[in-house]
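Asks: Spelled out from the first residue to the last, the chains are:
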Amino acid sequence: MSIFVNKDTRVIVQGITGSQGRFYASRNRDYGTQVVGGVSPKKAGTDVDGIPVFPTVAEAREATGATVSMVLVPAPFAADAVMEAAEAGIELIVSLTEGIPAHDEALFYNSVKRSFPDARILGPNCPGLVTVGECNIGFIPAEVALPGPVGIVSRSGTLTYQALKELGEKGIGVTTCVGIGGDPVPGMSFIDCLAAFEQDPDTRAVIMFGEIGGSAEEEAAAFIAKEMSKPVVAYVAGVTAPPGRKMGHAGAIISGSKGTAQAKMEALTAAGVKVGLNPTEAGDLMAEVVAGL
Amino acid sequence: MDLFEYQGKQYFARYGIPVSAGGVADTVDDAVAQADAAGYPVVVKAQVQVGGRGKAGGIKVAANADEVREHAGNILGLDIKGHVVRRLWIEHASDIAEEYYASFTLDRAAKKHLAMVSARGGIDIEAVAEEDPDAIAKRHIDPVDGLTETDARALVTDAGLNPKAHDGAVAILIALWRCYTEGDADLVEINPLILTPEGKVHALDAKVTLDDNARFRHPEWDDFDNVAETDPREALAKEKGLQYVGLDGDIGIIANGAGLAMSTCDVVNQVGGKPANFLDIGGGASADTMAGALEVINTDDNVRSIFINIFGGITKGEDVANGIVQALGRVELKAPIVIRLDGTNAEEGRAILAGHESDRLISVPTMVGAAEKAVALARKV
Chain L
1 MSIFVNKDTR VIVQGITGSQ GRFYASRNRD YGTQVVGGVS PKKAGTDVDG IPVFPTVAEA
61 REATGATVSM VLVPAPFAAD AVMEAAEAGI ELIVSLTEGI PAHDEALFYN SVKRSFPDAR
121 ILGPNCPGLV TVGECNIGFI PAEVALPGPV GIVSRSGTLT YQALKELGEK GIGVTTCVGI
181 GGDPVPGMSF IDCLAAFEQD PDTRAVIMFG EIGGSAEEEA AAFIAKEMSK PVVAYVAGVT
241 APPGRKMGHA GAIISGSKGT AQAKMEALTA AGVKVGLNPT EAGDLMAEVV AGL
Chain B
1001 MDLFEYQGKQ YFARYGIPVS AGGVADTVDD AVAQADAAGY PVVVKAQVQV GGRGKAGGIK
1061 VAANADEVRE HAGNILGLDI KGHVVRRLWI EHASDIAEEY YASFTLDRAA KKHLAMVSAR
1121 GGIDIEAVAE EDPDAIAKRH IDPVDGLTET DARALVTDAG LNPKAHDGAV AILIALWRCY
1181 TEGDADLVEI NPLILTPEGK VHALDAKVTL DDNARFRHPE WDDFDNVAET DPREALAKEK
1241 GLQYVGLDGD IGIIANGAGL AMSTCDVVNQ VGGKPANFLD IGGGASADTM AGALEVINTD
1301 DNVRSIFINI FGGITKGEDV ANGIVQALGR VELKAPIVIR LDGTNAEEGR AILAGHESDR
1361 LISVPTMVGA AEKAVALARK V
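Chains as they are written, first to last, in the numbering used here: chain L, 1 to 293; chain B, 1001 to 1381.
Keeping only pairs whose Cα atoms sit at most 20 Å apart, straight-line, the calculated SDA-like set for lysine to any residue is: (1) Lys-1111/B x Pro-117/L; (2) Lys-1274/B x Thr-240/L; (3) Lys-113/L x Asp-1142/B; (4) Lys-1240/B x Gly-99/L; (5) Lys-1138/B x Ser-215/L; (6) Lys-43/L x Pro-55/L; (7) Lys-1112/B x Phe-116/L; (8) Lys-1112/B x Ile-191/L; (9) Lys-1112/B x Leu-107/L; (10) Lys-1112/B x Asn-110/L; (11) Lys-1111/B x Asp-118/L; (12) Lys-170/L x Glu-281/L; (13) Lys-170/L x Thr-1366/B; (14) Lys-1112/B x Pro-117/L; (15) Lys-113/L x Ala-1109/B; (16) Lys-1112/B x Arg-114/L; (17) Lys-1112/B x Gly-1146/B; (18) Lys-170/L x Val-1364/B; (19) Lys-113/L x Ala-1110/B; (20) Lys-1111/B x Asp-80/L; (21) Lys-1111/B x Ser-189/L; (22) Lys-1238/B x Asp-1300/B; (23) Lys-1112/B x Ser-189/L; (24) Lys-7/L x Thr-67/L; (25) Lys-1111/B x Asp-1142/B; (26) Lys-1274/B x Leu-277/L; (27) Lys-7/L x Ile-51/L; (28) Lys-226/L x Ile-191/L; (29) Lys-1112/B x Ser-111/L; (30) Lys-1111/B x Ala-222/L; (31) Lys-1111/B x Ile-191/L; (32) Lys-1373/B x Glu-281/L; (33) Lys-1274/B x Gln-262/L; (34) Lys-1111/B x Arg-114/L; (35) Lys-1055/B x Glu-1126/B; (36) Lys-170/L x Asp-1342/B.
Honestly, the hints are just simulated from the structure, not real lab data.
Chain L extracted, bound-state conformation (with noise of 0.2 Å):
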């Protein structure tokens, strides 16, 4: 078992023809994910690799039965491209781009919500997602991860490999592992990955990465505290960094106290989380739940 993908899931890419849609497609498809297609208006009716290529997400879902699509087209394109994706009944939108205006981020997340609110979206600017073994969506380099009891969840793209890489060097292994990105508005939160791992069997473990800025830190400690019955292991990156981008008064008044790393760690301590203040210090702690499962 696992979370949101495995090795049935079927999925197509949208922007398949550009330098990175075809890297990944294949990539992807080469660690046994069922890429089934790919999305180009221009490039209709050829293949990238032998995958073929379709001139909607609409006729793509219609011929290969795909309920996942993952989004690779240029920033100016993203919001179209994912409008798309959930008018074609696409269950799950992956959104890779980076570089989204927040204003269409903020738009399509709610026209999605409100027209078709069985669509999820990932990201966007998101690393994607792993279950293990069986289906590799987006940029994770999971090759070497074994799989295992533990779930991963983690704001930032790279310390969501970080977090695979210090779970493997441990021999511990990995259910499924979701990079929720950490733009302005990112689609699917860390509360909707806990509650999915909390009624996942196979899951018994939760590490998750947060990062300063905004509140979802302060919200998942909530829902775990409330909600979960697994333990969860978490690290805050920018215990030590300055204040990312400064929102001016405005933001302030929405974050208040929240926002720093130090509030936030200790929002997930109050919760019965464990917390590391780094990286490898998580996985260290990670390795004693294990021993303890």
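Given chain L, work out where chain B should sit, using these hints.
Replies: Quick look at chain B alone, frame taken from chain L:
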């Protein structure tokens, strides 16, 4: 990108938000000319991107040309919390009956936009939020629906603005919403929004933060670039498309991804070092990006060792390695490099680096181990 007040007012004016007549001045003579054009009395305002300008003596009212000369002379060159004033905004002084506050920004937690209006403007709005949160009327705006006139009217009523100001404030909120959405701003804030004794409402200050990700559809933003005040290291980094924040330590940091870069700073601190900077080369960085990053770090005289921490996902190990080799040939690096390279094609990258390793380029397999090595090298120099 944060705009200066005068740029913010120019941006507001594009969307029909009323602002005072005025102009910019970089010299005392220019200031007098602008004041003559705006009509006395005028306000002489320091253009710096930091709060508390008034308290620091950066905002003065002048009744005539002599007073403009005096104030402009004092304010130009003034250091306000580390920001040196190079430019002034001179505008006709407004008669103020009441001062309000208005803003739009994104509420990340709610995933919707947030409008805020208060009858208690002109002062630090964070203090108002803390002491008297009910004095700020808030309303979430769904991006699908946008701000309606009903929303705007409810905001000014809930905030308890003087009824004389209602129509003017509603019109400004609607224009400010367009400035925020069509103008691709992360934040638009008017503090104070004033009501004059004649019953007119207009913006006396302008705070605008633009979303750099939307630059592709705003060619007009290029005008805002050439005057921004930045750390020379940050300016060079920006030119090379790198996310750089200058710090005051002695260990240069290069990492891919904001999270890993922050985490690298954390680990360096934990093993007893101090980062000289935060530098994120981003996803999919090429060899050229890495060489550029090293050039930026090399301009910082405080740097005594460089810690490159790369976990390749999109970024490929051989590109990172080639960039380092390129940089070694292109610039004479003042500090030794410790590199930790992992992820996509890491082995290929390590093989390229192996031929160049020396006491100036050291490869360490783990993040904590590499941080310790970088700190040890910084102490040794």
